[in-house]
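Student: Read off the chains here:
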Amino acid sequence: MNSTVFFVVVALVIVAFLFNLVRSRRLREKYVALWMLTAIAIIALALFPHLLGKLAQLVGIQVPSNLLFALAIFLLLGLSIQLSLEISRCEDKTRVLAENVAILNLQIRELQSGNPQSISPLPQDQAASEERSEHHEIDGTQTQES
Amino acid sequence: MPKTLMIMPAWNEEEAIGNTIIEARKALPEIDLLVVNDGSTDQTASVAEQAGARVLNLPFNLGVGGAMRAGYTYAARFGYDQAIQLDADGQHDPRNVPKVLAGLEHANISIGSRFAGSGDYTVRGPRKWAMLVLSGIVSHLAKTQLTDITSGFRAADRIAIAQYVKHYPSEYLGDTIDSLVVAIRSGLTVTQTPVEMRPRQGGTPSHNPALAALYLVRSMFALLVALTRRPVRRDEERDQA
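Protein sequence lines correspond, in order, to chains A and B.
For the first sequence, my numbering assigns the number 2 to the initial residue and increments by one for each residue that follows.
For the second sequence, my numbering assigns the number 19 to the initial residue and increments by one for each residue that follows.
Chain A on its own, in the form it takes in the complex (with noise of 0.2 Å):
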């Protein structure tokens, strides 16, 4: 019973501390998801005890134990995997980032220079609205979501 107390506890300040990251905004809500997942199972873990081993006859795991330990893996691998993507596209968005930053500081300095290489109609590069409008889907259902 003790455990049972201690558990559910851990689970709340856990689900607490969330909330407040989200809602002082230094965490996004599409990355508490998981996590709150998370702590809704361990607080249904603690009060029904026997749901571990009845989840586990059911996929046929002999220790109950493993299975959470298999299931905590895959939550750990999922939510590493879930980061890598973010910084991959965190990259390159700085990248189109740093890249008009660099010809419009030059574009800039030829200006104030008064001899223009010439004035340059607006950009024609694809490249960026290219970019803009692939990640644009995802970014949709992500404010969506927020």
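Treat the hints as calculated values from the structure; they're not laboratory data.
Beta carbons: idealized from backbone N, C-alpha and C, even for Gly.
Among the hints, erroneous ones may be present.
As the list claims (entries may be wrong) - Facing chain A, a subset of chain B residues (Cβ under 7 Å, in silico):
1) ASN37
2) ILE40
3) PRO77
4) ALA88
5) ILE177
6) PHE239
Claimed, not checked - Using C-beta positions, here's what the derived DEER-type ranges look like:
7) B:PRO20 with A:ASP93: 29 to 37 Å
8) B:LYS161 with A:LEU76: 42 to 50 Å
9) A:GLU92 with B:VAL151: 25 to 33 Å
10) B:ARG43 with A:SER89: 37 to 45 Å
11) A:VAL60 with B:THR162: 51 to 59 Å
12) B:ALA45 with A:ASP93: 34 to 42 Å
13) A:LEU98 with B:TRP147: 21 to 29 Å
14) A:GLU92 with B:ARG43: 33 to 41 Å
15) A:LEU52 with B:TRP147: 55 to 63 Å
16) B:GLY205 with A:LYS94: 54 to 62 Å
17) B:GLN163 with A:LEU72: 35 to 43 Å
18) A:LEU38 with B:SER64: 24 to 32 Å
Given the coordinates of chain A, work out where chain B should sit on it, guided by the hints.
Tutor: For chain B alone, coordinates are given in the frame of chain A:
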């Protein structure tokens, strides 16, 4: 004369770049020169400006692929008809630039090749095998004989510039194998021109067999990734579809 841009990616090249720029400007005064300073921590940018180049300063290091895409983005934005990339260390002889650019008359991409009979550039061991296998596969794909697909001496026409702006990865070998393979698979044509390479000014190519083996593995992986990527669709094709 089509509007042409020479793109020179540079990362901590303060020793060599000054001479390279002066030589290039002397050999080809009518071609615009853009140095892409890839977040150098030395005096590359000011040396290049003093030598008379226009310098694009990236705020941090992006890698060769990143620097080159910035250069091609510049070329696309300012309406250049052709762009050619040159190494800042003086390996590529600017006098070969018109020769490589001439290849664009019948192809979208023209590669200045080190192994096509001109000059005496040689590599040995695993690195050579890797290059042979790579160029074999890419030649088959391009339906033309390409002997040096990792050459950084490449010219692009308008279509290829637009292609590079859309796909020029900053990953390892993304600036050579990946961008080239995806360009071919997107329907662009490639040709090669023999050029002689000069020794680098400073720094020696490594002959460590372990590094060469690693190069083989990484280049094969880069090729595999490039071969399975989705080709870039161009606007004309999109209109037809």
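Student: With reference to the structure, classify each hint as holding or not holding.
Tutor: Results for each hint:
| no. | hint | result |
| --- | --- | --- |
| 1 | ASN37 | violated (23 Å) |
| 2 | ILE40 | violated (20 Å) |
| 3 | PRO77 | holds (5 Å) |
| 4 | ALA88 | holds (4 Å) |
| 5 | ILE177 | violated (12 Å) |
| 6 | PHE239 | violated (16 Å) |
| 7 | B:PRO20 with A:ASP93: 29 to 37 Å | holds (31 Å) |
| 8 | B:LYS161 with A:LEU76: 42 to 50 Å | holds (49 Å) |
| 9 | A:GLU92 with B:VAL151: 25 to 33 Å | holds (30 Å) |
| 10 | B:ARG43 with A:SER89: 37 to 45 Å | holds (39 Å) |
| 11 | A:VAL60 with B:THR162: 51 to 59 Å | holds (56 Å) |
| 12 | B:ALA45 with A:ASP93: 34 to 42 Å | holds (37 Å) |
| 13 | A:LEU98 with B:TRP147: 21 to 29 Å | violated (40 Å) |
| 14 | A:GLU92 with B:ARG43: 33 to 41 Å | holds (34 Å) |
| 15 | A:LEU52 with B:TRP147: 55 to 63 Å | holds (58 Å) |
| 16 | B:GLY205 with A:LYS94: 54 to 62 Å | violated (28 Å) |
| 17 | B:GLN163 with A:LEU72: 35 to 43 Å | violated (55 Å) |
| 18 | A:LEU38 with B:SER64: 24 to 32 Å | violated (54 Å) |
Checked against the numbered hints above, the structure violates hints 1, 2, 5, 6, 13, 16, 17 and 18; every other hint is satisfied.
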